[in-house]
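**Q** Protein sequence lines correspond, in order, to chains Z and Y.
Numbering-wise, UniProt numbering puts 315 at position 315 of the first sequence, and it's gapless, one number per residue.
Numbering-wise, UniProt numbering puts 235 at position 235 of the second sequence, and it's gapless, one number per residue.
Calculated from the structure, these hints are not laboratory results.
Since the model is a prediction, treat every value here as computed from it, not as a measurement.
A couple of the hints might just be wrong.
The list treats identical chains as one, so a pair stands whether inside a single copy or across any two.
Stated by the list, open to error - The calculated lysine to aspartate or glutamate pairs, modelled on EDC-like cross-linking and capped at a C-alpha distance of 20 Å, are:
1) Lys241 <-> Asp275
2) Lys241 <-> Glu359
3) Lys74 <-> Asp210
4) Lys241 <-> Asp293
5) Lys252 <-> Asp318
6) Lys86 <-> Asp210
7) Lys74 <-> Asp114
8) Lys74 <-> Asp27
9) Lys74 <-> Glu346
Protein chains: 2
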Amino acid sequence: MSLAASSHDQRFGLSRVAVLPGPLALDGSATLSPLEIAYETYGTLDADAGNAILVCHALTGDHHVASAHPRTGKPGWWQRMVGPGKPIDTDRFFVVCANVLGSCMGSSGPASIDPRTARAWGMTFPVITIRDMVRAQGLLLDYLGIGRLAAVVGGSMGGMQALSWAATYPERVASAVVIASTARHTAQNIAFHEVGRQAVMADPNWHGGDYYGGEAPARGLAVARMAAHITYLSEAGLTEKFGRRLQAREAKTFGFDADFQVESYLRHQGLSFTDRFDANSYLYITRAMDYYDLAEEHGGRLANAFNAATRFCLVSFDTDWLYPTAESRAIVQALNAAGAPVSFVELSSPYGHDAFLLESPELDRIVAGFLRA
Amino acid sequence: MSLAASSHDQRFGLSRVAVLPGPLALDGSATLSPLEIAYETYGTLDADAGNAILVCHALTGDHHVASAHPRTGKPGWWQRMVGPGKPIDTDRFFVVCANVLGSCMGSSGPASIDPRTARAWGMTFPVITIRDMVRAQGLLLDYLGIGRLAAVVGGSMGGMQALSWAATYPERVASAVVIASTARHTAQNIAFHEVGRQAVMADPNWHGGDYYGGEAPARGLAVARMAAHITYLSEAGLTEKFGRRLQAREAKTFGFDADFQVESYLRHQGLSFTDRFDANSYLYITRAMDYYDLAEEHGGRLANAFNAATRFCLVSFDTDWLYPTAESRAIVQALNAAGAPVSFVELSSPYGHDAFLLESPELDRIVAGFLRA
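Same shape as in the complex, but just chain Z (with noise of 0.2 Å):
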């Protein structure tokens, strides 16, 4: 084990990789020994460890929830909600946000060098699960000392994960934040995804996922994430902030370039995020996504998944067409079945599944108001 401080400037947080020896057996029956998890930490721990609160993030987030991206020098993705004053508030809370098993972002994944083959793994890392996540996060907090958790918090995936903290590890959680998230991907959210894989797949350089030294699958990448994008933002989002306007031009140009705003936004996102994630990375964790149903892993009932010993705070918003508020009412179901306390609020936005990421002053406040609970 090895506490190394990575090499960028931080003027807030603290950002490390822990090199854990595991081992660490996953849910498809592969182990993985030993294995990195990249984390960053922000405030400091109580001596009895109990202030601590642990951030999930989302398919193609990171650890950096409130420093800057340091590829992209682009803010963290929640420094709304992560730091002194504000709802996670790291004056009182030492939060930390770990890089997912899978990523790319530091923490073992398929672009990791496999040690017996001193190789990237590609297609050779193991398929994962978010409980699998969840069980290397496990691992992060056994080895930074923390027993239970004050709380998890995350929002879509991340929302995941925190669910499937409650369910694993019941007696680590006092309580859960779930955000604009599901109990379980529907057959419109894996085939959604499966068009991303696929479009990933389709490009040459794709190479079985063996294209690391080469040149990566970058179009089919950003196919996969224009995809992706559409499905997190809300029909009247969209509308609202394109509508049929055209780019700076006149009129149509009556050929393929990107004449309308909303195609050359969305070009740009597929774009650059081909230079911030890695395609393999991108197959991994969908494909943990689509796997997870959390009733499944529990005799088919979710109200199995969960017990009292966790208090629940879920939120959804109106226009999330990706995991709308009927998914989080099955949970909250679930939850009452399970004798857990629950509160649950849908909140408006015209923003679609993004809207978490965005600014709430309403889900500042909720998350603020049950923390201080």
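Chain Z is already provided as a structure; the job is to place chain Y on it using the hints.
**A** Chain Y in isolation, oriented as in the chain Z frame:
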């Protein structure tokens, strides 16, 4: 001009290709001369040519509305709607269905031979609009000696053509049936099409559209079709049809094969599409749909597109999220403002946008009743 029966057997319907001298002046300012339009007819034209109905097909449809597809051998795409004693009754009406301009089933499009170069047009084919498709159909009707249509009928992009017919040639359209359609493509509609186009263009076999005689960009086109196909189905319909059911396996494989039935279904949809459709045609027709905004063509006010000369019937489906009921309602309001007689029904169906192609006794009754009136 020539009337040449196509070579394949027809037990019902007469399939031909009309070579029209044009010139056809296009919205993008290019001119086509001559142009070919493949079409099929059913029933007998009255002596006064007053019993003609034009059926307009959707994005990937064809003129074989009620007879077997020559390549796949499958039944006509609206066989349940068109035929003797059916809602569009060929004992009474002379039904014409034409392959749209820009398509690849016999009408002029990017896969056709450019007479100037004796090579396939590819991306030198002019960009077309829905109105251009309608103008080409107008030339076909001239050629067939049909002045005024008893009705123009279409679903999805076929509905766009029906609306454009009423707006462009109101004196030639006694009535119009517009099913599961819209008066303009929204930002979200454009976004999904742009993903598809980028998937095609990302395929190295696309070669800037110059792939005829070589390998076609089938993988890119399959991804495009997969993405589009999701938008044709409702979330509830996908759940009912597939849910999270696995392929004929006991358990997850923890790999990247099609584990879920919905993955296998989508892959099949994508692959089988590439056998019957030209990738460049897909680019051109999606572009035409994205350019489509009937209000924009009429001074920004949709009501200006219509007058009282045509009688309208609109039908939407409650689970259609591609062209939701609100889009039909906006058309109905514009028709009301224009003083055009209109009936409108929202039907309930679990099947989303695709419902207009599926068994629907209510839809049959509505269409039959409207055409009888």
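**Q** Look at each hint and say if it fits the structure.
**A** Hints and how they fare:
no. : hint              : result
1   : Lys241 <-> Asp275 : neither (25 Å within a copy, 38 Å between copies)
2   : Lys241 <-> Glu359 : within (16 Å within a copy, 38 Å between copies)
3   : Lys74 <-> Asp210  : neither (30 Å within a copy, 40 Å between copies)
4   : Lys241 <-> Asp293 : between (34 Å within a copy, 18 Å between copies)
5   : Lys252 <-> Asp318 : neither (34 Å within a copy, 33 Å between copies)
6   : Lys86 <-> Asp210  : neither (43 Å within a copy, 56 Å between copies)
7   : Lys74 <-> Asp114  : neither (30 Å within a copy, 50 Å between copies)
8   : Lys74 <-> Asp27   : neither (35 Å within a copy, 44 Å between copies)
9   : Lys74 <-> Glu346  : neither (29 Å within a copy, 47 Å between copies)
The structure fails to meet hints 1, 3, 5, 6, 7, 8 and 9 from the earlier list, while all remaining hints are met.
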